[in-house]
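Novice: Here the protein sequences line up with chains Y, C, H and B, keeping their order. Counted from 1, the first sequence has number 110 at position 111 by numbering that gives the first Met the number 0; the numbering is strictly sequential. Counted from 1, the second sequence has number 305 at position 306 by numbering that gives the first Met the number 0; the numbering is strictly sequential. Counted from 1, the third sequence has number 39 at position 40 by numbering that gives the first Met the number 0; the numbering is strictly sequential. Counted from 1, the fourth sequence has number 176 at position 177 by numbering that gives the first Met the number 0; the numbering is strictly sequential.
Because the hints were derived from the structure by calculation, they are not lab data. Be aware that one or more of the hints could be misleading.
[As the list claims (entries may be wrong)] Only part of the chain B face toward chain Y is listed, based on derived beta-carbon distances under 10 Å:
#: 1; residue: V39
#: 2; residue: D93
#: 3; residue: P98
#: 4; residue: G133
#: 5; residue: H275
#: 6; residue: D277
[What the hints assert, rightly or not] Which residues of chain C face chain B? A partial, calculated answer using Cβ under 10 Å:
#: 7; residue: G232
#: 8; residue: P300
#: 9; residue: Y302
#: 10; residue: S303
#: 11; residue: A381
The C-beta atom is built at its ideal place from N, Cα and C for all residues, glycine as well.
4 protein chains.
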Amino acid sequence: MPEILFKVDLNKPFIEQDLVGHNRWHPDIPAVASVNPGSVFRIECKDWTDGQIENNDSPDDVRDVDLSMVHVLSGPIWVNGAEPGDILVVDLLDVGTLPDYEWGFTGIFARENGGGFLTEHFPTAQKAIWDIQGIYTRSRHIPDVRFAGIPHPGLIGCAPSTELLAQWNKREADLVATNPNRIPPLANLPNPKNAILGSLKGAEYDRVAQEAARTVPPREHGGNCDIKNLSKGSRIYFPVYVEGAKLSMGDIHFSQGDGEITFCGAIEMAGYLDLHVDLIKGGVAKYGLTNPIFKPGPVEPRYSEYLVFEGISVDEFSGEQYYLDAHVAYRRACLNAIEYFKKFGYTGEQIYLLLGSAPVEGRISGIVDIPNACCTIAIPTAIFERNVLPS
Amino acid sequence: MPEILFKVDLNKPFIEQDLVGHNRWHPDIPAVASVNPGSVFRIECKDWTDGQIENNDSPDDVRDVDLSMVHVLSGPIWVNGAEPGDILVVDLLDVGTLPDYEWGFTGIFARENGGGFLTEHFPTAQKAIWDIQGIYTRSRHIPDVRFAGIPHPGLIGCAPSTELLAQWNKREADLVATNPNRIPPLANLPNPKNAILGSLKGAEYDRVAQEAARTVPPREHGGNCDIKNLSKGSRIYFPVYVEGAKLSMGDIHFSQGDGEITFCGAIEMAGYLDLHVDLIKGGVAKYGLTNPIFKPGPVEPRYSEYLVFEGISVDEFSGEQYYLDAHVAYRRACLNAIEYFKKFGYTGEQIYLLLGSAPVEGRISGIVDIPNACCTIAIPTAIFERNVLPS
Amino acid sequence: MPEILFKVDLNKPFIEQDLVGHNRWHPDIPAVASVNPGSVFRIECKDWTDGQIENNDSPDDVRDVDLSMVHVLSGPIWVNGAEPGDILVVDLLDVGTLPDYEWGFTGIFARENGGGFLTEHFPTAQKAIWDIQGIYTRSRHIPDVRFAGIPHPGLIGCAPSTELLAQWNKREADLVATNPNRIPPLANLPNPKNAILGSLKGAEYDRVAQEAARTVPPREHGGNCDIKNLSKGSRIYFPVYVEGAKLSMGDIHFSQGDGEITFCGAIEMAGYLDLHVDLIKGGVAKYGLTNPIFKPGPVEPRYSEYLVFEGISVDEFSGEQYYLDAHVAYRRACLNAIEYFKKFGYTGEQIYLLLGSAPVEGRISGIVDIPNACCTIAIPTAIFERNVLPS
Amino acid sequence: MPEILFKVDLNKPFIEQDLVGHNRWHPDIPAVASVNPGSVFRIECKDWTDGQIENNDSPDDVRDVDLSMVHVLSGPIWVNGAEPGDILVVDLLDVGTLPDYEWGFTGIFARENGGGFLTEHFPTAQKAIWDIQGIYTRSRHIPDVRFAGIPHPGLIGCAPSTELLAQWNKREADLVATNPNRIPPLANLPNPKNAILGSLKGAEYDRVAQEAARTVPPREHGGNCDIKNLSKGSRIYFPVYVEGAKLSMGDIHFSQGDGEITFCGAIEMAGYLDLHVDLIKGGVAKYGLTNPIFKPGPVEPRYSEYLVFEGISVDEFSGEQYYLDAHVAYRRACLNAIEYFKKFGYTGEQIYLLLGSAPVEGRISGIVDIPNACCTIAIPTAIFERNVLPS
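Chain Y with its partners taken away, still in its complex shape (with noise of 0.2 Å):
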């Protein structure tokens, strides 16, 4: 087993942890360990929520989360001879669960305390619990499902420089200014309440809290892009902005669909990340890189058999016309799918929480034909003990 770097004690809050992450993106929050490259060492996280939601059936702990909270990271780690414009090469050399804490939640965020891809037609918090066992997985709230993991972290990235961090608060502020009292908001923005900074403390804490990025969205640096194929074996390429890279990391996943449209909607667990880093100094200029670029790994679940959903950019509610409206196109075929499997005996909540969770693939189809997009969801059917195939 690699040294552990980042230890977590899941029965402590992260701020009481010995070693304090943060929930918040910023230049200025200090490492908390150092790395040569070429090392092997292992980073340990909780849940993005910080263990808020509970193994039971009460979806209320979903529907009261404190969202202000997440994303609890560990990190940053420092890597010896980082500079800004090099790229930071990580193995992912392993994901895990720890030990006792063998399970994971999906949860539908309720429509006024966070929402999700499908708000408008499932505005109701909803949970599922999911049972680890090995490569397996299987919930007692979803029947007659069972597959395999395809671990990874939801949220992976370099620190932003103080410049790349301006302009997101810039155009993000831009954004949400366009219509301040939406519910759900366009974007969140910097929050000083129950900001983590590490070990900031006083005068310091308070300035990085008002300016610090929540760490919501993907941006350039990678961050919380829920991509799921990041998983076991991948390697990744990260810009490196501010010196000694900074590298944060947590939200892990023990599945996930692409899309991740229950918004809380991978598998969500605790566990731990098995990791190499490695240097190409000066590598951004040389590839031309603005965001990060990956390989996936080798053992990735595979499968033969895919049922696929077709949606195109039309509303389904008003059946107003998009413009080649990829996110409608996908919300389409998501709820094609839903619909569907509705016929087999499940509910649309099932489906939906599946959706998120289970590896299915989203795919931008047609994107070029005007007016409509088309976009493409592919479940394998595998995941299903029951045969699910029109006949």
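Following the hints, position chains C, H and B against chain Y.
Specialist: For chains C, H and B alone, kept in the frame of chain Y given last:
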């Protein structure tokens, strides 16, 4: 070889073929042939432009293409016993080239005539010709690239009912009305110019030409979905809207990337489709179908190594933050890929053409992490004969 | 379509074709055509028996097959510039059926005339006819089975040198001499009866007919390897033994299981091969080649669910223990599979025919754990339209 | 983490563990624990040699290994309700390393002490140590190689009945009697020396030690099958021969090539297995089982590019022709691969060690084309960090 129900002569215009197909959607276009459920038959198709693009090195034909003529479709095929509300089950038994026409083309449409996904970046017409050699293709216009095809009909579907057609026309007209002078237009409304409507003549032709929908967008019936995975061996479940189903098809692609981003983006070719058809009586209600669903076949080219590029929904020119806009996020992912491969000696146009035509995977990875959608484009490294990994 | 270098008329015997191929191996059989390195061309082939087996329900033709006539090969093709010690690089660009002959056959040879892997269990001639529909096949003789083909030439290779031929003849004669009256024989020695030797005539024909090796076994040059994975898109590296390489091929299979256990075991058919050839000068010494090596192509049918049967090297009749005998172990694995599927309503003969023709994987799993070899046969469950899992 | 039913302390000999397992097969070895059908539990295992091989650079420990001590097995586990004739369904939920022992070894046994598949070519003891880093491994003894593991128990199965054991002992004794002084021996007969039999003591120990079968060969119950595909997520169906089933297991491999050709050939390690067990009452007769059958899991490492070597059944020293001998053919295929990779700077021993431990596919490609069997070994090129293709 199965019986050829629809034969084409590639040396004659579409309108002069023995059987004349159509290039618009309308329930009243007469069927050209009928089959029983359980039948196996072959349909030949011209390329979608009716031969406007030639196997040479000049993009002038792409620049000057007359889009009022597209897509030339083979059909409609009447399926005996098919009634509205049935599912038409179509097995794509094979897709192939026609003798002596073993090549295809990928075009970038000029901004003024069609445009494409990245038209702001690549406003000028461009063309790549692909030589097809068995399962493989390569282009003299994009060096050191070779890959196996994933042949499929870009366009296939049953005729709409009168009601469905009216719905299409209304919603698309409403969209165009929001910005009627836009170039390219927001949608292509019914246009009698160059309409081909099978054997219709006289007043009936005139009426239908006024009403018939253009074939560009995918819609509820499927149509121009441009889904690369509708390849050999797929089984598709189509909703039936009119008696006899009236199945039509065309726009055969030797290969395509998800999104078909150059618009004329796949490797466009003439070719044939071998089909088996069957019916599920009353299947639309039984399975809750709004759009077609399908099962991909078992012989898609498979790759184990991909390089994946991420994109987020921030405008590349203005830096403006969009709200969960998968269209923008996928555009950024594509642009990131283009920038990367330019470092390996390709021009931007070459990679744009390649992303439209090679079997790249375009995914909606995250669609809930406000305000950024995260899309990814995964490119199999084996399509390059150069080493294209970072080092 | 590439130029056809070797055309066959399926209505004429092999000996009456415009170009006459051969059914023996000898360096002095004259080439029928020549090509340059870099060329792409098509070779048509009759089925390996020269049309002795018909598309009907009687196995009498299999029982009475004249094996002195096999395998009818198309070639030799002279590759300009090829010299002994070079590697001939052959790309199998495509493999397909000929128009109007879209069917194939699998036979169990009678013990007295050919036999097969399980001839002690199934001594009587039997036959299955397969209908080919695009990428798929099914047989009216084996219900509820459908699968995608993995088309390949069972037999392909360059002509042996005089020295290599002499070596083959000697070692095979030595083997036969150990039990000259065995039925079936231990090997098929040179036999002038029905020898076809291209354009050779008179005394030269007589001499070569006496010396030429039979085509049944695979040997150092490749030849009748019956490797199902030499399918579309493969690249093969052949040792060259004579000037011009003299490449020949035939015995096309629409599909086959590892081991081709029924001997006439694949789905045997007439068809065509599209090839690209090139040379690596001096490659045999450079890469230490004794036999051909190859890279399989990317479009083999892929399955994610297999049912796997184990076998060990203990004789099924006597209970005798063999020493690390993979032949016996694989036989037991096949017999175990047959016994299993008989519980699902199939006859033993049906499954024997199926294991010879469907894309089953035959593996040497353990070959060192004295005294038992362990072989496995892995059967994709998706080839059955029945549920064949234990429950 | 599931309950650990069998715990090992890697710092203590097998015989001094809290629970003592066994290294022989006999129905009368007492169970160490019992479980109900439906249970999930963890079993820890020492490496098969009980720690005789160390993480250093000297092959002396491999040369001097005491094979009378192998294989040290964890169990037997009593499954409540299991009776002879039932099928024991075992799900391999997970396979992993133990903390602080993340390494494994591959050995070439000396000809005088164990030998191996190529012992005539490589008669001297040799060793490679593998470092395990998450899903990957690399060895300081074989440069420029890295691959993902396919972890599995080399040995797992239920206790034989008294009758089955007698049958094993008789047939193996008969074989040894044909050449009793052979080195290595034709089989390992019962040998009380170093026999470990769980809690048995006194006269009962003495009786069982005289009768108990060695664990080396795979047999009807499964046992030491060394099937690399019995990896994470597999479901195995075992015949039950005695009341309680008495399931035992060990010989965990981090990875292995088909055939495990170096004998000590996989990447041998200590580790754990997470299992779920269930019963199919009367399943042996219902499904006609003679040996175990299994369904591989969905997370095996997958590769799309292989280099494949062929071998035929002709002796490499004498040139003697063997009759359909898959053992000889596979040996030739392996030797061909070794010869090839020596051209890339490796020693023969390095490649021999690699073929035993990397996930290479060993296939019986043709087993009927008299007199030559054709076997192939397919090597994923991605395991090399060098380019190993011909050019």
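Novice: Each hint: holds or not?
Specialist: To see whether the hints hold, each was checked on the structure:
For B/V39, the suggested interface contact is upheld, since its CB lies about 6 Å from the closest CB of chain Y, less than 10 Å. Proximity of B/D93 to chain Y holds as hinted, the smallest CB-CB distance being about 3 Å (cut-off 10 Å). At a threshold of 10 Å, the smallest CB-CB gap from B/P98 to chain Y is about 5 Å, leaving the interface hint in force. Annotation: B/G133 was flagged as interfacial toward chain Y, and the flag holds, the nearest CB pair being 3 Å apart, inside 10 Å.
Interface hint status for B/H275: upheld, as the beta-carbon distance to the closest one in chain Y is roughly 7 Å, under 10 Å. Violation of the interface hint for B/D277 is found here, the shortest Cβ-Cβ separation to chain Y being roughly 13 Å, above the 10 Å cut-off. A least Cβ separation of about 18 Å between C/G232 and chain B goes past the 10 Å threshold, and the interface hint is therefore violated. Checking C/P300 against chain B: minimum C-beta separation of about 9 Å stays under 10 Å; hint holds.
Taken as an interface hint, C/Y302 checks out: its beta carbon lies about 5 Å from the nearest beta carbon of chain B, inside 10 Å. Annotation: interface hint on C/S303 holds; nearest CB of chain B at approximately 4 Å, less than 10 Å. Interface hint status for C/A381: upheld, as the beta-carbon distance to the closest one in chain B is roughly 7 Å, under 10 Å.
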